[in-house]
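My request is simple: use the sequences and hints to build the entire structure.
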Amino acid sequence: MKLVELERKLIATARANPPSERVPYAFEKRIMACLAARPIPDRWAMWGRALWRAAAPCVAIMLALGAWSLFTARSTPPPGDLSQQLEQTLLAAVDQDQPADYAQ
Amino acid sequence: MERTEAELIAAVLKGDSASFEPLVEKYSPRVFATARRYARRESEVEDIVQDIWLKAFERLASYRGEAPFEHWLMRLAVRTCFDALRRHQRNRETTFAELTDPEEDWLDRFVSQPETASEDAAAARQLVARVLEQLSPAARLVITLQEIEGRSVKDIAKLTGWSVPLVKVRAFRARAEMRRVLEKITKEKYL
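Respectively, the protein sequence lines represent chains A and B.
Residues in the first sequence are numbered from 667 upward in steps of one, following the working numbering.
Residues in the second sequence are numbered from 15 upward in steps of one, following the working numbering.
By construction, these hints were calculated from the structure, which means they are not laboratory data.
Ideal placement from N, C-alpha and C gives every residue a C-beta, glycine not left out.
Among the hints, erroneous ones may be present.
Example chain A residues on the side facing chain B (calculated, C-beta under 10 angstroms, incomplete) [claimed, not checked]:
1) Leu-672
2) Pro-690
3) Ile-697
4) Leu-701
5) Pro-705
6) Asp-747
What follows is the structure in structure tokens.
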């Protein structure tokens, strides 16, 4: 049997018999009823749900970061003088801006 | 005075849902014909068409009015039919052992005298439906659009959202798949 011929014949059959365009009675009424029965999307409720969903991952990230910072703080050697370092950091920009003669 | 399509769409977008009804009425025949290409049972066809219209209503804001509404709707219809095919893929497990007597007769007639096997015969139509049901969703979609509806590759790419090379690859595979299915029929019956 010639498969190509059979294929051609079946395709020709499908072409010669297009599907019906018949629409069931009052189908548009059914669609409109479906649309009317649909819940109206509430933007605030959607935001609320999204935020609630985001809360759990945020808490998890916060806990992970807290644990990480705690761990790294313990593993690194304690700084000599925290207040002095803080002062240096805060005044670093001021030190750089001072003219050379003033510094002398 | 009858409102134009653009006016109806604008009214729907402003919140007047009732203006959607004339659109449903006008385009339902086309949408039903499309859905009937991919589903056999009438209840399934109605569910698909309902799904298409609900999606159309939800996504109407994405219609920019650059192309005719019908083109936008048919893209949505084809994609929804493809989704339906994929959903029902597991249910299509009919084997060729289940060929009906008229289908077998038609095949016998085709084997003995190919010219006498009519294209209009109900058995031939059933056989086509059976063969298409054996194809994968992508293959069925491509065969339907390209071979049966005679659409171009570019057209299919627009309708499906696939790239042109992907359509070409899928068309090539679909033809091979169809030949394998036909081979299976004839092997089971004639060897």
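How the hints compare with the structure:
Using the Cβ-Cβ criterion of 10 angstroms, the hint placing Leu-672 of chain A at the interface with chain B is satisfied: the shortest such distance is roughly 6 angstroms. Because the beta carbon of Pro-690 of chain A sits about 6 angstroms from the nearest beta carbon in chain B, less than 10 angstroms, this interface hint is met. Taken as an interface hint, Ile-697 of chain A checks out: its beta carbon lies about 5 angstroms from the nearest beta carbon of chain B, inside 10 angstroms. Hint on Leu-701 of chain A holds. Least Cβ distance to chain B is approximately 6 angstroms, under the 10 angstroms limit.
Below 10 angstroms, beta-carbon pairs count as interface contacts, and Pro-705 of chain A has none with chain B, the closest being about 12 angstroms; its hint is therefore violated. About 62 angstroms separates the beta-carbon of Asp-747 of chain A from the nearest beta-carbon of chain B, more than 10 angstroms, and the hint is not met.
Of the hints listed earlier, those the structure fails to meet are numbers 5 and 6, in rising order.
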